[in-house]
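Based on the hints, put chain B in the right spot on chain A.
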Amino acid sequence: MTVATAQLEGEARRPPRYGSMARGRRRALFWSYFFLALFVIFFLMPPVYMFITSLKSSGEISAATNPWWVFHPTLSNYTNLLTQKQFLIFYRNSAIVSVLVVSVTMVISVLAAFSLARMKFWGSATLATGVFLTYLVPDTLLFIPLFKIFAFIHDKTGIELINHWWVLIVLYPTLTVPFCTWIMIGYFASIPKELDEAALIDGAGYMQMLLRVFIPVALPGIIAATIFAFTVSWANFLYPLAFTTSADQLVLPVGIVTTLIKGDVYNWGQIMTGALLGAAPPLVIYAFLMDYYIAGLTAGATKG
Amino acid sequence: MAEAVARDVRVSPIGRRKTARALVRRKSLVAFAMALPLIAVIAGLVVYPAAYAIHLAMLNKSMQHFVGLGNYQFLFRRFIEVSNLSWATFWSWSFEVKLSTFAMVVEQSVLFAVSAVIFKAVIGFVLAHFVHNIPQKGQRKWRGMLLVPWVIPPAMSTLAWLWLFDPSYSAFNWIFTRIGLPAVPWLGNPYWARFGVILDNVWVGAPFFMIMYLAALKSVPEQLHEAAAIDGATWLQKIWYINLPMMRNIIAITALFSLIVTFANFDIVKILTNGGPIDQTQVFATWAFMKGIQGNDIPLGASVSLFMFPILAVAAILILRNVRKRTNEI
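Just so you know, the protein sequences line up as chains A and B, in that order.
Start counting the first sequence at -1; every next residue gets the next number (the numbering used here).
Start counting the second sequence at 8; every next residue gets the next number (the numbering used here).
Bound-form chain A, shown alone (with noise of 0.2 Å):
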């Protein structure tokens, strides 16, 4: 009796417990799930206050009304700017220095990462440390020396570097060879040896081994590199500002901001249109490719 008493006792206070928990449980997530909308609305608060803007005449801007909501929404800003030839060639200039300078950055790096990886000579490891140290060399310091530099190849030959929208592809791998070399030599270590030993066998040389094996092997970890080169080229700001200044070779970021922006009458509209229209080319990439994104960024400090 006695038994079954204490039995049933504990029986009925086992559930309260077990309760409690799944409550305490309830409450972190509660908590969590609060914190993080808390920093989701101030992260997001500004992009989306760039799409609110981008919606408004200047009318309605300047009208003072509640800035977070649009009363008469209008696609002019869009309309005007993508019909603006100067906003194009910006574009367009920006384009093709991005794709330039992720195609040379990727030959490069990839045949780098995979001799240091594999191949091996002479301070192929010093050579390696002194990649991870120059991806550690901001442009901030650099951009003043390659501006004396330019300025004397101009003196000596003759060739203008300066103020030519083509010398941002000689300029942009300085940030992003360096990295790109380092995450895909990461990438290239941990493919197992036995993979290219099988390929030796078959009589594969360096070249089929690196084109047919490697490459594939290594694929997500080329995406990875391949989407850090794009935004960076996208997104670089000091160099073109330094090195660029006629407003038909300015790329899209130093064109929105010095174009855009004209002495004292801000055209909000038209330069938040601008400035998102600047920035949908990453977030489009990074929608469709998040994971590799990440995996890109993370690479350079759990990888090497």
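Simulated from the structure, these hints should not be mistaken for lab results.
This one's a predicted model, so the numbers in the text were calculated from it and none came from an experiment.
Any given hint could be a false lead.
[To be verified] Below, in silico cross-link-like pairs of lysine-lysine (DSS-like), each with a Cα-Cα straight-line distance of 27 Å or less:
1) B:K225 - B:K144
2) B:K34 - A:K118
3) B:K34 - A:K154
4) A:K191 - B:K34
[As the list claims (entries may be wrong)] Output of the computed footprint for chain B on chain A, the stretches with three or more beta carbons under 8 Å from beta carbons of chain B:
5) 74 to 85
6) 191 to 201
7) 215 to 226
Glycine included, C-beta positions come from ideal geometry on N, C-alpha and C.
Only chain B this time, still in chain A's reference frame:
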């Protein structure tokens, strides 16, 4: 016959070794050739300009002759001036301190980088835990939304912040006046302007920390948490005694890396305040740009930008040590 076989046996190893050595030499030659474009880019576009910057920093403005450390003497002239200092003013804290423009640049660069990195790291750490805490199924969606500030080019998103901080149409001030708070002079007042550039930088960088710390958090073995739960550990103890030690390396690498990038930041300050009001938000990069490119004093600009070098070197050594430690552990 037997002799022939014996000769074969004697000869063949030598021959094989020779071809093997030739193969190795050929292999390292091919490897070197493959790495040559990388070496050219690094040597020509990074190492040489960096060394040239040191040379440039030691020339006079017209770059005609060598002045040694003259530019640095100029930068440190009247660095800090303390006037009206006596026992009485010292205790009542009423003596006057006047900083030169360069001293303000140093002060603001350090303040900007250190406080921004601390805020980014704390927010990233907390957010990573919140994302890790919710069910696996929804994590992708939340992570996707939280990373958006990092994906937008900083120059573009800073324009949005500039518009949010607008003196007459600020959308924040609209909310503040609605709920009865005074309007804030966002970029007009030096202190608020400093707050503004730090806020923008934290907004851009915190998602990166979140992603890195989340990746580190995923690699903490679940058994440790179970064992801690059985021992009756609270959530705070789990974070302090399990997560923090396990994530230590990534925390350090990410923070040091971000410190370098934040010290070298240009876009945000340039667009948001352009160094103003009265040079109060000027950092190394923007001041070097102003002096070197816009002011046409390339040596002075190079001297200023070289101030980023010591912090860079220290951080790089620390990161490298951490990365090595990690690879040894694996």
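These are the hints, each one checked on the structure:
1. B:K225 - B:K144: holds (15 Å)
2. B:K34 - A:K118: Within the cut-off at roughly 8 Å; holds.
3. B:K34 - A:K154: With a Cα-Cα distance of about 39 Å, the restraint between K34 (chain B) and K154 (chain A) is violated, given a limit of 27 Å.
4. A:K191 - B:K34: Roughly 16 Å between the alpha carbons, so the hint for K191 (chain A) and K34 (chain B) holds.
5. 74 to 85: violated (count 0)
6. 191 to 201: It is violated: at least three residues are needed, and the segment 191 to 201 of chain A offers just 0 whose Cβ sits closer than 8 Å to chain B.
7. 215 to 226: With 0 residues closer than 8 Å to chain B, the segment 215 to 226 of chain A misses the three-residue bar; violated.
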